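> Sequence:
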Amino acid sequence: MSLHLRERLEPALASRYAAAALLLVLACDPSGPLSVGEPRESSALATVALSSYFPPPEAAGGWRKTTDASQIRSLGADAGKLDALGSYLMSLPYQGYYTGVSGYKASNKAAIVVKNGWIVGEYYNQAGASTAVYYLASNGKTFAMLLAGHMVQSHPDLGLGLASKLYDPRWLPEGYPLTDSRKAGITFDQVFQHVSGIVPEDEAAIASGAVMTETDWDFAPFTVGKDPDYPVSAPLYFTPGNPATYTTGSTYSSVAFNHLSLIFRNVTGLEASAYLRRAMLDPIGVGRMDHKLSAGMGDQVWATAGNGLAGARDFARLGYLMLHEGDWNGTRIFPAEWLRHFTTSPAYRNIRSNVDCRWGSKYPSDMYRTTGSGQNWALVVPSLDLVITFSGRTPSSLSAEVESASLSQLFAAVTERYVGCDGTVFNDTPPAGNAAPAASFGSACSGVSCEFSDTSGDSDGGIASWSWSFGDGAGSSQRSPSHTYAAAGSYPVLLTVTDDGGATGTATRSMTVYDIRLGATGRKQKGYAYVDLRWSGATGPSVDVHRNDVRLATAANGGSYTDATGRKGAATYRYRICQAGTGTCSNTVTVGF
Numbered sequence: 000m001s002l003h004l005r006e007r008l009e010p011a012l013a014s015r016y017a018a019a020a021l022l023l024v025l026a027c028d029p030s031g032p033l034s035v036g037e038p039r040e041s042s043a044l045a046t047v048a049l050s051s052y053f054p055p056p057e058a059a060g061g062w063r064k065t066t067d068a069s070q071i072r073s074l075g076a077d078a079g080k081l082d083a084l085g086s087y088l089m090s091l092p093y094q095g096y097y098t099g100v101s102g103y104k105a106s107n108k109a110a111i112v113v114k115n116g117w118i119v120g121e122y123y124n125q126a127g128a129s130t131a132v133y134y135l136a137s138n139g140k141t142f143a144m145l146l147a148g149h150m151v152q153s154h155p156d157l158g159l160g161l162a163s164k165l166y167d168p169r170w171l172p173e174g175y176p177l178t179d180s181r182k183a184g185i186t187f188d189q190v191f192q193h194v195s196g197i198v199p200e201d202e203a204a205i206a207s208g209a210v211m212t213e214t215d216w217d218f219a220p221f222t223v224g225k226d227p228d229y230p231v232s233a234p235l236y237f238t239p240g241n242p243a244t245y246t247t248g249s250t251y252s253s254v255a256f257n258h259l260s261l262i263f264r265n266v267t268g269l270e271a272s273a274y275l276r277r278a279m280l281d282p283i284g285v286g287r288m289d290h291k292l293s294a295g296m297g298d299q300v301w302a303t304a305g306n307g308l309a310g311a312r313d314f315a316r317l318g319y320l321m322l323h324e325g326d327w328n329g330t331r332i333f334p335a336e337w338l339r340h341f342t343t344s345p346a347y348r349n350i351r352s353n354v355d356c357r358w359g360s361k362y363p364s365d366m367y368r369t370t371g372s373g374q375n376w377a378l379v380v381p382s383l384d385l386v387i388t389f390s391g392r393t394p395s396s397l398s399a400e401v402e403s404a405s406l407s408q409l410f411a412a413v414t415e416r417y418v419g420c421d422g423t424v425f426n427d428t429p430p431a432g433n434a435a436p437a438a439s440f441g442s443a444c445s446g447v448s449c450e451f452s453d454t455s456g457d458s459d460g461g462i463a464s465w466s467w468s469f470g471d472g473a474g475s476s477q478r479s480p481s482h483t484y485a486a487a488g489s490y491p492v493l494l495t496v497t498d499d500g501g502a503t504g505t506a507t508r509s510m511t512v513y514d515i516r517l518g519a520t521g522r523k524q525k526g527y528a529y530v531d532l533r534w535s536g537a538t539g540p541s542v543d544v545h546r547n548d549v550r551l552a553t554a555a556n557g558g559s560y561t562d563a564t565g566r567k568g569a570a571t572y573r574y575r576i577c578q579a580g581t582g583t584c585s586n587t588v589t590v591g592f
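Read left to right, the sequence shown gives residues 0 to 592 (numbering that gives the first Met the number 0).
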């Protein structure tokens with residue numbers, strides 16, 4: 000604990016909580032379901048003997064890895080099917096994004112599969128991707144949840160726990176006086192569940208990310224509702240814990256998570272990224288971690304809602320730490336019980352559990368996943384000693400497809416016995432005869448012209464032929480064809496592959512193609528800059544207007560919008576129009592003044 004915080008504590012505080020130690024501070028509430036030594040009951044949870052291997056830092060040799068198919072089979076996976084999964088993920092399109100960090104490139108992609116402590120699959124889509132850093136976005140929220148467990152473990156005299164109040168002058172003096180009296184009732188657990196009432200991302204564009212670049216935006220005052228230039232964060236938008244009263248949209252709040260940046264600093268005396276480095280990153284051997292910054296951050300580096308970047312192999316380390324429930328080769332980073340509270344409940348979006356069969360009954364109930372925009376995620380399956388990470392900047396419009404396809408292909412590659420969420424046992428008997436090929440493909444479209452890339456695989460042979468149906472009456476027998484549609488619209492694309500043993504496999508995907516064209520004209524009125532946007536080709540009732548890579552507004556799809564910038568003087572603005580809530584966007588236009 001930092002000295003300045005300790006001096007603010009009531010004299011009796013330390014003795015009050017010291018005897019309770021970890022048992023009390025981990026409790027969700029005084030009669031809550033989680034206490035040390037009292038595991039949750041779940042028929043899906045079983046004691047798993049995980050690998051005792053822990054990789055040294057990459058600079059000291061790094062992960063152990065095998066590409067030998069026989070060894071991979073002995074570890075419980077099929078190398079060919081893992082490669083098919085890797086090919087599929089690497090073929091996905093990307094969406095542009097700017098971080099200002101050296102070594103980041105939005106088009107890079109990476110996937111790492113770790114089984115029983117071995118890297119059994121490692122995939123990159125282009126040169127330089129293996130040494131690049133990736134923007135992990137809201138995975139930062141997951142890291143903040145884990146680091147909060149370390150803080151609870153390291154400062155038992157504070158009595159911090161899931162039921163503790165977020166706003167307390169001992170660890171959040173910046174929040175006083177309160178800008179909304181209801182803030183006094185917010186708990187840490189409500190922040191973790193996104194039910195705190197603090198300004199949701201859907202409420203205002205200024206609240207839609209961890210770090211903002213708007214003029215006069217200041218991280219700490221805005222976070223606690225005291226930024227006079229942006230007062231939207233001052234009130235609560237619903238009573239804490241009662242999101243049913245909020246009807247605007249999702250209650251997901253990055254601003255709520257950013258409070259942890261301030262709390263970590265006040266409790267430990269370290270800026271949040273320095274605390275993360277000391278408490279978690281260095282002990283597990285993570286090398287470079289950078290952060291997307293803006294002038295409004297001041298001397299704050301880590302916005303705990305998620306502005307961090309790391310390499311693909313280091314992201315896998317963080318997943319592996321979660322697999323081992325906070326233990327790293329005998330060093331306890333955070334209590335196992337702390338993580339289990341999140342992984343055995345469906346209530347946490349940033350550590351999403353399959354305990355309620357969220358992803359289907361054929362996948363284990365102990366499976367859980369972290370998530371970040373751009374589809375950066377880590378999937379952990381303790382019962383299979385399995386971690387897979389995916390990094391890049393994949394359009395959010397493909398989220399459901401990528402989620403379904405990656406899970407299907409991953410578990411098709413698992414050869415050892417496992418139990419599904421509904422109790423069904425898989426891989427009880429070995430397959431016989433010729434195995435059918437696994438059909439899959441990627442696509443990338445510009446306007447109505449699309450490129451299709453075959454990523455199919457056959458575990459016991461090879462693919463002999465391909466048959467494509469593009470959904471508009473046209474087809475192809477090429478392996479990776481191109482096709483131009485006559486008009487915008489949605490088309491069911493079907494790929495059928497036949498292997499050298501005569502078995503077939505199919506993959507389908509609904510392709511929606513657009514031809515959104517954008518033009519822009521700048522003008523000045525009384526010295527202020529205005530930009531008139533005109534577009535065509537967008538469908539649906541509304542579009543998202545993006546300025547300088549930040550969503551400016553959601554507007555009616557009427558073909559025109561005027562941005563009153565409210566600014567004078569020289570400036571350059573970049574604009575895009577996107578289908579509302581998707582990554583399908585127009586060309587980018589630049590207007591200078």
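Warning: the hint list may mix true and false statements.
Stated by the list, open to error - EDC-like cross-link-like pairs, simulated, lysine to aspartate or glutamate; straight-line CA separation at most 16 angstroms: (1) Lys361 - Asp421; (2) Lys567 - Asp289; (3) Lys225 - Asp215; (4) Lys361 - Asp289; (5) Lys104 - Asp548; (6) Lys361 - Glu415; (7) Lys525 - Asp548; (8) Lys361 - Asp326; (9) Lys225 - Asp179; (10) Lys523 - Asp548; (11) Lys225 - Asp289; (12) Lys64 - Asp156; (13) Lys104 - Asp289; (14) Lys523 - Asp562.
Read the hints as simulated data drawn from the structure, not as lab findings. Note that the structure is predicted; figures quoted are calculated from it, not measured.
> If a hint holds in the structure, say so; if it doesn't, say that too.
Now for the hints, and whether the structure bears them out:
| no. | hint | in the structure |
| --- | --- | --- |
| 1 | Lys361 - Asp421 | holds (7 angstroms) |
| 2 | Lys567 - Asp289 | violated (33 angstroms) |
| 3 | Lys225 - Asp215 | holds (12 angstroms) |
| 4 | Lys361 - Asp289 | violated (38 angstroms) |
| 5 | Lys104 - Asp548 | holds (15 angstroms) |
| 6 | Lys361 - Glu415 | holds (14 angstroms) |
| 7 | Lys525 - Asp548 | violated (27 angstroms) |
| 8 | Lys361 - Asp326 | violated (29 angstroms) |
| 9 | Lys225 - Asp179 | holds (11 angstroms) |
| 10 | Lys523 - Asp548 | violated (23 angstroms) |
| 11 | Lys225 - Asp289 | violated (28 angstroms) |
| 12 | Lys64 - Asp156 | violated (43 angstroms) |
| 13 | Lys104 - Asp289 | holds (14 angstroms) |
| 14 | Lys523 - Asp562 | holds (11 angstroms) |
In terms of the numbered hints stated before, the structure departs from hints 2, 4, 7, 8, 10, 11 and 12, listed from lowest to highest.
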